[in-house]
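Peer 1: As a plain string of letters, each chain reads:
There are 2 protein chains.
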Amino acid sequence: MVLQFTSEQHLDDGVLEREFTLGEIPGILWTPASAPAPLILLGHPPLGLLKMYPRLVARARHAAADGFAAATIELPGSGERPRWAAAEHARADLRRAIEAGEPVSDEIIDALILPLVDKAVPEWQAALDALLSLPEIGGPVGYSGGVISIGVRLVVVEPRIVAAGFFAGSFVPRAMFEEARQVTIPLHVLLQWDDEGNDRQAALDLFDAFGSKEKTLHANMGGHTGVPQFAGDTAAQFFTRHLK
Amino acid sequence: MVLQFTSEQHLDDGVLEREFTLGEIPGILWTPASAPAPLILLGHPPLGLLKMYPRLVARARHAAADGFAAATIELPGSGERPRWAAAEHARADLRRAIEAGEPVSDEIIDALILPLVDKAVPEWQAALDALLSLPEIGGPVGYSGGVISIGVRLVVVEPRIVAAGFFAGSFVPRAMFEEARQVTIPLHVLLQWDDEGNDRQAALDLFDAFGSKEKTLHANMGGHTGVPQFAGDTAAQFFTRHLK
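So the protein lines, in turn, are chains A and B.
Okay, so the first sequence: first residue is 6 according to the numbering used here, each after it adds one.
Okay, so the second sequence: first residue is 6 according to the numbering used here, each after it adds one.
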């Protein structure tokens, strides 16, 4: 797939922000003044790039201040990208279960997450192919945040990613635990301990399952979206240790 | 109790190391060149100051490099200090249980830990009285490491301690969970995820019980004594955030 830049903007801290399309997929690339730079892929929840932009640009600026380029792409079925019926059904089932106060079944979690993983991972790999061909992007590559199941599959199938920071805050299909055992790169896993919408035990089980010799779990208070500033700083130090 | 210095030594990085006695209790104080300095109390397992010295002096140097004084005292029943019969019996029961491959009962844990907590905590408070009267020690005070139940009781009863770094690697009596709920200061808790001699679930339950609004759990690989270097650095950043 061909990467085409569609806009370009210099942010006030010297970071160059460029929107691009990769085939039909929108994306954003942030590069620091120093080039070539190692790259961090910024994962995010399936809420659309537009809605996620404030948090993404903050993470990208932080990465750029540490000397990293950062890039992200729209997830399948998010933003302006076409929905698919099965995902819409799964989302409706999820809403019904939550509103009825019922536990979210494995069937709903599988229908919600597995097709998203299947679709998203090859797109992140295509983005990586295109981004690594740019002269301003060097290696190595890290992956940070987003839907944890996408991250798990991506780092299992993609040897160019050498370190990953995961956010253990989304549903995890049973099948992903087997894939987690195949992860061997250094991991930095964030968990919001008091995230009421999250299955804490599943997050701990997933952390336990990772095959990596270096894996760190950082659990903090503050609710799903309340990751403390110092936790972001520690995650940045993780990438500096492994990508520099 | 009166604090009397018994030896004095300048370490090569400008840190002044002084041994002292507090009544019958031996202790060590390390001070950086900058004074008055905030103080970190260095907890340690009940193996005797002599045996623990290499790790304690490394932690003290790290603290001094960040501008902190550090101090520690011998635990009751450790080093040259008199044993008491009940603790010796509890230790023998523990050895028997472990050698027989049996689970360590609540009775053994209580007998092993609760009297140690009862005896040690007032001694740490007496040390704090004496240390805070020295002109080279300012506030605030942090507590770091050691037998976690001693740390929990100490920070509940001692309002001069404003932040604590705990190591969740020792047996926790059931009674301590109730005390943990009374802890409200910022906490930084280290857990060695693959520490086979430790009850991981009890450590997670204890972390959950802490009443603090700011509490962070850092779980790493490397076994009981294999806390990675970067975990020490992050703990140091925690104290810099809260004691400066």
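I should point out that these hints are in silico values taken from the structure, not numbers from a laboratory.
Watch out, some of these pointers could steer you wrong.
So the derived label-pair ranges between C-beta atoms look like this [what the hints assert, rightly or not]:
| no. | chain 1 | residue 1 | chain 2 | residue 2 | range |
| --- | --- | --- | --- | --- | --- |
| 1 | A | 242 | B | 229 | 30 to 40 Å |
| 2 | B | 237 | A | 141 | 30 to 40 Å |
| 3 | A | 108 | B | 123 | 41 to 51 Å |
Covered, in the sense of this in silico footprint (three residues per stretch, anywhere, with C-beta under 8 Å from a C-beta of chain B), are these stretches of chain A [said to hold, decoys possible]:
| no. | segment |
| --- | --- |
| 4 | 204 to 213 |
| 5 | 222 to 236 |
Partial selection, computed: residues in chain B whose CB lies under 10 Å from chain A [to be verified]:
| no. | residue |
| --- | --- |
| 6 | 7 |
| 7 | 10 |
| 8 | 11 |
| 9 | 213 |
| 10 | 217 |
| 11 | 220 |
| 12 | 221 |
| 13 | 222 |
| 14 | 236 |
| 15 | 239 |
This structure is a prediction, so every number in the text was calculated from the model and none was measured.
Virtual Cβ for every residue (Gly too), placed ideally from N, Cα, C.
Peer 1: With reference to the structure, classify each hint as holding or not holding.
Peer 2: Hints, verified against the model:
The supplied range of 30 to 40 Å is broken by residue 242 of chain A and residue 229 of chain B, whose beta-carbon atoms lie about 24 Å from each other. Separated by about 35 Å at the C-beta atoms, residue 237 of chain B and residue 141 of chain A satisfy the suggested range of 30 to 40 Å. A beta carbon spacing of about 44 Å between residue 108 of chain A and residue 123 of chain B agrees with the range 41 to 51 Å that was offered as a hint. With 3 residues having a Cβ less than 8 Å from any Cβ of chain B, the segment 204 to 213 of chain A passes the three-residue criterion, so the hint holds.
Coverage of a stretch by a chain is defined here by at least three residues with a beta carbon nearer than 8 Å to that chain's beta carbons; for the segment 222 to 236 of chain A and chain B the count is 8, and the condition holds. Of the supplied interface hints, the one on residue 7 of chain B is violated, with its beta-carbon coming no nearer than about 40 Å to a beta-carbon of chain A, more than 10 Å. Hint status for residue 10 of chain B relative to chain A: violated, with the closest Cβ pair at about 37 Å, above 10 Å. Annotation: interface hint on residue 11 of chain B violated; nearest CB of chain A at approximately 39 Å, more than 10 Å.
Taken as an interface hint, residue 213 of chain B checks out: its beta carbon lies about 7 Å from the nearest beta carbon of chain A, inside 10 Å. With a least beta-carbon distance of about 8 Å to chain A, the hint placing residue 217 of chain B at the interface is held under the 10 Å criterion. Given the 10 Å rule on beta carbons, the hint for residue 220 of chain B holds: about 6 Å separates it from the nearest Cβ of chain A. A cut of 10 Å between beta carbons decides the hint on residue 221 of chain B: the least distance to chain A is about 5 Å, and the hint holds.
This hint holds: residue 222 of chain B has a C-beta 4 Å from the nearest C-beta of chain A, less than the 10 Å allowed. A hinted interface residue such as residue 236 of chain B counts as satisfied when its beta carbon comes closer than 10 Å to some beta carbon of chain A; here the least separation is about 7 Å, so the hint holds. For residue 239 of chain B, the suggested interface contact is upheld, since its CB lies about 6 Å from the closest CB of chain A, less than 10 Å.
In this structure, the hints that do not hold are numbers 1, 6, 7, 8, in rising order.
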